[in-house]
Amino acid sequence: EDQVTQSPEALRLQEGESSSLNCSYTVSGLRGLFWYRQDPGKGPEFLFTLYSAGEEKEKERLKATLTKKESFLHITAPKPEDSATYLCARENSGGSNYKLTFGKGTLLTVNP
Amino acid sequence: DVKVTQSSRYLVKRTGEKVFLECVQDMDHENMFWYRQDPGLGLRLIYFSYDVKMKEKGDIPEGYSVSREKKERFSLILESASTNQTSMYLCASRVLHRELFFGEGSRLTVL
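Those sequence lines, one after another, are chains A and B. 86 is the number that our numbering gives to position 86 of the first sequence; each next residue is one higher, with no gaps. 100 is the number that our numbering gives to position 100 of the second sequence; each next residue is one higher, with no gaps.
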């Protein structure tokens with residue numbers, strides 16, 4: 001069964017305190033690894049897609065990286081407005097490759 | 001701007017009622033999806049559709065059905081709502097192998 005595991009479940013940071021969120025996945029057949037941000041009561045908002053080990057993508061204070069078995073979302077000098085739940089999801093390269101399988105998310109709180 | 005629109009943000013229904021959740025996308029996407037999201041369980045796929053009139057079961061299809069008569073519209077149907085179907089329902093669409101675009105969600109409470 002395809003698994004996506006995110007850690008930690010929750011993370012509290014002070015404004016300006018950099019950290020990383022982890023997303024690990026079962027190794028076989030990864031076509032793409034996706035990161036989303038979700039604010040309370042809203043639908044997830046797309047951030048990044050990573051396709052191959054070694055790939056990196058950046059947007060403002062966020063940088064996503066991918067290895068052969070996990071992805072990291074690095075948050076540099078976070079601000080309170082970065083507080084949200086961050087979700088990762090995988091797409092398989094074979095079988096039922098229409099769908100994304102999501103992790104349970106990391107709830108990030110950034111205190112001023 | 002790309003858009004996935006869910007017809008109702010909040011619904012309250014009674015046990016045994018038939019419930020329709022409607023979703024429309026304006027991006028001409030082939031693939032459409034219904035997920036439910038519950039605390040501690042994350043996003044779980046109910047059904048998806050890869051073309052008009054085509055559908056496949058996701059991970060938790062029991063108690064649900066879907067309809068896709070037009071490319072832009074994907075409906076989720078609860079034939080007889082039960083309290084364990086109280087949840088946030090999220091519709092999404094995509095081009096194959098690209099990112100999912102989500103709607104704002106429909107929070108359903110079944111009493």
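Treat the hints with care, as some may be off.
Residues of chain A placed beyond 10 angstroms of chain B at every Cβ, according to the derived structure [stated by the list, open to error]:
1. E17
2. K42
3. T65
4. T67
5. K69
6. F72
7. H74
8. T76
9. A77
10. A84
Listed below are the simulated DSS-like cross-link pairs for lysine-lysine, each with C-alpha atoms no more than 25 angstroms apart in a straight line [as the list claims (entries may be wrong)]:
11. K57/B / K104/A
12. K68/A / K57/A
13. K69/A / K57/A
14. K42/A / K69/A
15. K42/A / K13/B
16. K53/B / K71/B
17. K71/B / K3/B
18. K3/B / K59/A
19. K53/B / K42/A
20. K18/B / K57/B
Simulated from the structure, these hints should not be mistaken for laboratory data. Ideal Cβ positions, reconstructed from N, Cα and C, are used throughout, including at glycine.
Would you pick out the hints that fail for this structure and give their numbers low to high?
2, 14, 19
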